[in-house]
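J.: So the chains spell out like this:
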Amino acid sequence: MTLVESATTPHRGSAPMGRLLGAELRWVLRRPRTLVMLGLFALVPILIAIGVVVADRGGGGLIGAIAGNGLVLPVAAMTLMLALLLPLAVGMAAADAIAGEAAHGTLRGLLLAPVGRGRLVLMKAFGVLVVAVTATLIVAVVGVIAGLVVVGGADGTLVTLSGTTLGFGEAMGRVGIAALWTVGQLAAVGAIALAISAFTEHPLVVLASVLGGLIVFGVLGAIPALDWLQPYLLTTGFSAGADVLRDPMTWGELGSSTLRALCYVAIGGGITASRMLTRDA
Amino acid sequence: MTASTEERTAARVVPPAAAVRGVRKVFGKTVAVDGIDLEVPTGSVLGMLGPNGSGKTTLIRMLLGLTRPTSGTAELLGHAVPDAAEQALPHVGALVEGPGFHPFLSGRENLRRVAATEPLLAGHEIRDAVGTALERVGLADAADRRFRGYSLGMKQRLGLAAALLVPRRLVVLDEPTNGLDPAGTRDVRRIVAELHAGGATVLVSSHLLAEVEATCTHVAVLQAGSLVASGELGALLEAGTGGLVVATPDVDTALEALRGIGATAFRDGDGIVVADGGPPAPEVVALLVRAGVAVHEARRRRARLEELFARLTEESP
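Protein sequence lines, in the order shown, are assigned to chains U and S. Here the working numbering = 1-based position in the first sequence + 24. Here the working numbering = 1-based position in the second sequence + 15.
Any given hint might turn out to be false.
[What the hints assert, rightly or not] Label-pair ranges, simulated between beta-carbon atoms:
(1) S:R36 to U:G200: 22 to 30 angstroms
(2) U:G63 to S:A198: 51 to 59 angstroms
(3) S:A95 to U:L71: 54 to 62 angstroms
(4) S:G138 to U:G236: 17 to 25 angstroms
(5) U:L286 to S:G214: 50 to 58 angstroms
(6) S:K44 to U:F223: 52 to 60 angstroms
(7) S:K44 to U:L235: 50 to 58 angstroms
(8) S:E322 to U:A232: 50 to 58 angstroms
(9) S:A137 to U:V157: 47 to 55 angstroms
Read the hints as simulated data drawn from the structure, not as lab findings. We put the beta carbon where it would ideally sit given N, CA and C, even for glycine.
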């Protein structure tokens, strides 16, 4: 029986990619701390909504625009959380993805199976991307619901920053664009985090680098003498998300920040791949 | 008897299951492995012995392609390592540097995750393969508890189960009995014997000499990154000391008779030891009896592995 089976089984050097991605997905989404973090993220839009309602004052900026105009909430929440919380989630996922596996001794198992080293990078990048997408979606969806239920106003329509009114469908389209754009920015953070993760077996190093990096970028961006540095800093474009609330939409900042993010993805991905091809385990 | 002779002849013809040639591994200023040539014959159970820090694990890691030798070449099931390791590794099961698993998953879930990455397992075979492996290492009852709560021995058993998920041509076990109770140690011995009987090659590293002596057909002894002895266990033990031990009260008469035919012999405890190289054992005994020496017992002197190991590794530099 076994002999016949092994004779007819075609030779395979690696498990099917779909199965690897499935295993990675289960692993990422079953990790208790991922779930706790996603749960806490769901609370943020709700807290903002409550805060806006309780404050009951116009106020300025994006948060002020939420008052009486609930569908601004998801976009405001994503933009706000992109500053630190969402990158934290992605950084954590990337830290666990390679450095964490090395620390547990499970990276060795993956290489011995063998999952090819190239496939391993794809598998890990996929896992990080899943966390980025899930976290963003949760903020967006909870933001829409909390905006409609808690804040309410505008009869399910969105009053843009330019003063025009968009129907519910188009408003959802705008939220979707903001979510997609946010995932793009997070992918950049994730790619760099994954590259750092490939060089260490201490997950904390990855997390500290990501948060430290974001803070340093923020500081550099605030120094007038370093204006020439602005186009190269990922954080420069982090405020572009609010542009989806204008009518007509301005694509300039959204486009350039996405392009910048893709450059970071390419650099991070390249470094991760070249390191993982030779890394000892 | 005939079968084992045939096996031995066949083992000379087929290429070794694993081999290293002149491998050397340097970490910074530390030379972990200093130019080792070693073959693991196909179908053998090779016990790799050596004190802590003698380079056993580094050698195994180079064999499995986990780390690249500074110089020299390694080969696994006929494929160059680490460059073509991915061709050989599906057929290799390994437990290296302790079991590595995720604490938040149960033993079964951990093993499922490993099974999903096994190239030789079809999707529908995973559930059964995991169940069988868990039973084989005696972990079926604890399979659904979280890995976090496992004892050292249970963790070790799970690591063993991962190496046994698929029928393997080569199984590499690095210190498999670490943390195991006597029953666990017996289980490991049984599993190694089963693998050997099934035709698989097994490479076991250990510092437990009794384990190696009980389960291995071949031995390699490492000391400070160098190979100090290797070969078939029996041959190594015999070559280690050798000689014929004759228990007799008439030591002086015996020594005199042996000197008469030019054989080397000396007093040892309650008898004499006749060195190899002289007449064969039956002739020696016959000669002694003719000379009127009372022979209570005559046997070949075979060292325990422990003595051999001590002699090979404890020579002070």
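J.: All hints are to be evaluated individually against the structure, with a verdict given for each.
T.: Right, here's what the structure says about each hint:
Take S:R36 and U:G200: their Cβ atoms lie about 60 angstroms apart, and the range 22 to 30 angstroms is violated. A C-beta distance of roughly 43 angstroms is found between U:G63 and S:A198, which places it outside the suggested range of 51 to 59 angstroms. Between S:A95 and U:L71 the CB atoms are about 59 angstroms apart, so this pair conforms to the stated range of 54 to 62 angstroms. At about 43 angstroms, the CB distance of S:G138 to U:G236 disagrees with the hint of 17 to 25 angstroms.
Checked against the hint of 50 to 58 angstroms, the pair U:L286 and S:G214 passes, with Cβ atoms roughly 53 angstroms apart. At about 22 angstroms, the CB distance of S:K44 to U:F223 disagrees with the hint of 52 to 60 angstroms. Between S:K44 and U:L235 the beta carbons are some 36 angstroms apart, a value that contradicts the proposed interval 50 to 58 angstroms. Judged by the Cβ atoms, the range 50 to 58 angstroms given for S:E322 and U:A232 holds: they are separated by roughly 53 angstroms.
About 30 angstroms separates the C-beta atoms of S:A137 and U:V157, a value inconsistent with the hinted range of 47 to 55 angstroms.
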